[in-house]
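Number of protein chains: 2
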Amino acid sequence: MSAAPRAVVLLSGGMDSAVVLAEMRHAGFECHALSFDYGQRHRVELERAAEVAGMLGAASHRTVRIDLRAFGASALTADIAVPKDRDVAAAHDIPVTYVPARNTIFLAHALAMAESTGARDIAIGVNAIDYSGYPDCRPEFVEAFERLANLATRAGVEAAARGERWMRVHVPLLRMGKADIVRRGRALGVDLSRTISCYDPTPAGLPCGRCDACQLRERGFREAG
Amino acid sequence: MSAAPRAVVLLSGGMDSAVVLAEMRHAGFECHALSFDYGQRHRVELERAAEVAGMLGAASHRTVRIDLRAFGASALTADIAVPKDRDVAAAHDIPVTYVPARNTIFLAHALAMAESTGARDIAIGVNAIDYSGYPDCRPEFVEAFERLANLATRAGVEAAARGERWMRVHVPLLRMGKADIVRRGRALGVDLSRTISCYDPTPAGLPCGRCDACQLRERGFREAG
Numbered sequence: 001m002s003a004a005p006r007a008v009v010l011l012s013g014g015m016d017s018a019v020v021l022a023e024m025r026h027a028g029f030e031c032h033a034l035s036f037d038y039g040q041r042h043r044v045e046l047e048r049a050a051e052v053a054g055m056l057g058a059a060s061h062r063t064v065r066i067d068l069r070a071f072g073a074s075a076l077t078a079d080i081a082v083p084k085d086r087d088v089a090a091a092h093d094i095p096v097t098y099v100p101a102r103n104t105i106f107l108a109h110a111l112a113m114a115e116s117t118g119a120r121d122i123a124i125g126v127n128a129i130d131y132s133g134y135p136d137c138r139p140e141f142v143e144a145f146e147r148l149a150n151l152a153t154r155a156g157v158e159a160a161a162r163g164e165r166w167m168r169v170h171v172p173l174l175r176m177g178k179a180d181i182v183r184r185g186r187a188l189g190v191d192l193s194r195t196i197s198c199y200d201p202t203p204a205g206l207p208c209g210r211c212d213a214c215q216l217r218e219r220g221f222r223e224a225g
Numbered sequence: 001m002s003a004a005p006r007a008v009v010l011l012s013g014g015m016d017s018a019v020v021l022a023e024m025r026h027a028g029f030e031c032h033a034l035s036f037d038y039g040q041r042h043r044v045e046l047e048r049a050a051e052v053a054g055m056l057g058a059a060s061h062r063t064v065r066i067d068l069r070a071f072g073a074s075a076l077t078a079d080i081a082v083p084k085d086r087d088v089a090a091a092h093d094i095p096v097t098y099v100p101a102r103n104t105i106f107l108a109h110a111l112a113m114a115e116s117t118g119a120r121d122i123a124i125g126v127n128a129i130d131y132s133g134y135p136d137c138r139p140e141f142v143e144a145f146e147r148l149a150n151l152a153t154r155a156g157v158e159a160a161a162r163g164e165r166w167m168r169v170h171v172p173l174l175r176m177g178k179a180d181i182v183r184r185g186r187a188l189g190v191d192l193s194r195t196i197s198c199y200d201p202t203p204a205g206l207p208c209g210r211c212d213a214c215q216l217r218e219r220g221f222r223e224a225g
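Protein chains in written order, with the working numbering: chain F, 1 to 225; chain H, 1 to 225.
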């Protein structure tokens with residue numbers, strides 16, 4: 001019997017990436033979780049990420065430091081207030097919590113880890129339905145990254161020479177609303193109470209209840225009953 | 001008179017990126033140089049990068065730490081010997097000095113810096129002629145990254161809505177041989193003696209003279225007279 005294929009799973013400590021990890025485990029992958037200490041305001045999520053990784057049976061969990069505060073320009077990485085009580089359902093702009101190129105940098109690191117460890121699968125919890133309007137959560141972004149990944153790497157080039165595709169980026173939540181994510185998480189046995197979604201938690205690590213992420217999460221739970 | 005447009009220029013301390021910086025300055029850009037302390041064996045290049053940035057009139061120079069040693073799997077970031085005395089001209093494989101996803105990670109950071117600082121141009125010294133066979137130095141890689149950059153970002157999405165393209169990735173050396181790079185550097189007044197290309201310098205920071213990078217550099221100087 002061959003060993004389970006390895007996958008690199010981006011894990012934030014939030015609900016979405018926890019459900020992605022459970023989904024990838026369910027699909028039979030040996031999951032290696034990757035988190036980032038990027039100077040985020042809601043750094044408490046990293047403790048939750050470690051807990052979630054253990055709870056859901058990740059084979060390993062690594063937190064890599066990257067300095068997005070060096071560039072700033074986001075409410076998550078600079079001294080800009082996190083918007084509260086926005087009408088998330090009606091909003092169509094990209095909010096100030098957008099972090100320039102964040103998912104590109106996260107996926108680039110996941111790609112390095114995948115190629116270095118023999119994984120050919122990466123999973124990320126982006127979601128294009130109930131989301132905050134971030135450009136790097138859209139399907140066209142994910143497709144463009146997958147294409148890049150296969151051109152950027154030795155493994156990608158070698159697979160292409162055999163007429164194969166090396167890297168696949170899994171986005172199991174892409175077309176799911178928050179309520180569906182809650183239901184799927186429950187079905188997979190994820191203890192969602194251990195996750196935190198808030199962008200601006202209290203010093204004690206409690207959610208603010210008013211930022212976009214808290215609102216979307218709350219709505220998801222309400223709709224899922 | 002409007003201010004010069006800003007560009008983010010990736011600067012390694014080597015010959016190629018120095019010529020790129022000079023080329024972008026020559027083209028009229030206000031250049032913001034970006035270097036990476038990524039656990040590279042040839043860390044001495046960072047001192048040279050700082051010197052080159054000053055010498056060529058970069059408006060700023062920033063060195064960001066990223067931990068590629070966490071993933072290893074390269075002679076530049078792990079305890080793997082740097083190959084010496086290879087027949088570089090005859091070699092067609094991708095050597096062990098290849099660092100998984102390195103240029104993807106570098107460009108992702110440049111993208112974050114560009115969007116955060118109002119630059120819409122990035123320049124990188126990749127070269128598909130006299131190079132070591134790295135997949136992330138090929139034109140198809142650069143094109144795929146540029147496409148990704150415009151999909152990944154708020155600035156890219158907003159420009160697309162106006163029917164414009166936001167980000168351009170400049171690769172002025174892409175089709176140049178090493179001798180041409182030496183000649184172009186001289187024409188632009190770059191003091192190439194201040195750059196270092198070696199992958200495996202001595203503790204005193206002197207080039208080994210035998211790695212691929214030293215061989216390619218040496219051949220460039222010889223052919224350029």
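Since the hints were made in silico from the structure, they are not lab data. Please read these numbers as outputs of a predicted model, since none were measured by experiment. Some hints here could point you the wrong way.
[Stated by the list, open to error] Computed spacing ranges between beta-carbons, pair by pair: (1) Thr63(F) - Arg86(H): 35 to 43 Å; (2) Arg69(H) - Ala59(F): 16 to 24 Å; (3) Arg86(H) - Cys208(F): 56 to 64 Å; (4) Arg86(H) - Glu51(F): 30 to 38 Å; (5) Gly57(F) - Glu223(H): 54 to 62 Å; (6) Ala3(F) - Arg86(H): 31 to 39 Å; (7) Ser60(F) - Val96(H): 18 to 26 Å; (8) Ile80(H) - Glu164(F): 37 to 45 Å; (9) Gly28(F) - Gly57(H): 53 to 61 Å; (10) Glu140(H) - Gly28(F): 30 to 38 Å; (11) Glu164(F) - Ser60(H): 42 to 50 Å; (12) Arg43(F) - Arg222(H): 51 to 59 Å; (13) Ala161(F) - Arg222(H): 27 to 35 Å; (14) Gly189(F) - Arg69(H): 31 to 39 Å.
Glycine included, every Cβ here is placed at the ideal spot set by N, Cα and C.
| request: Kindly indicate which numbered hints from before are broken by the structure, ordering the numbers from low to high. | output: 4 and 8
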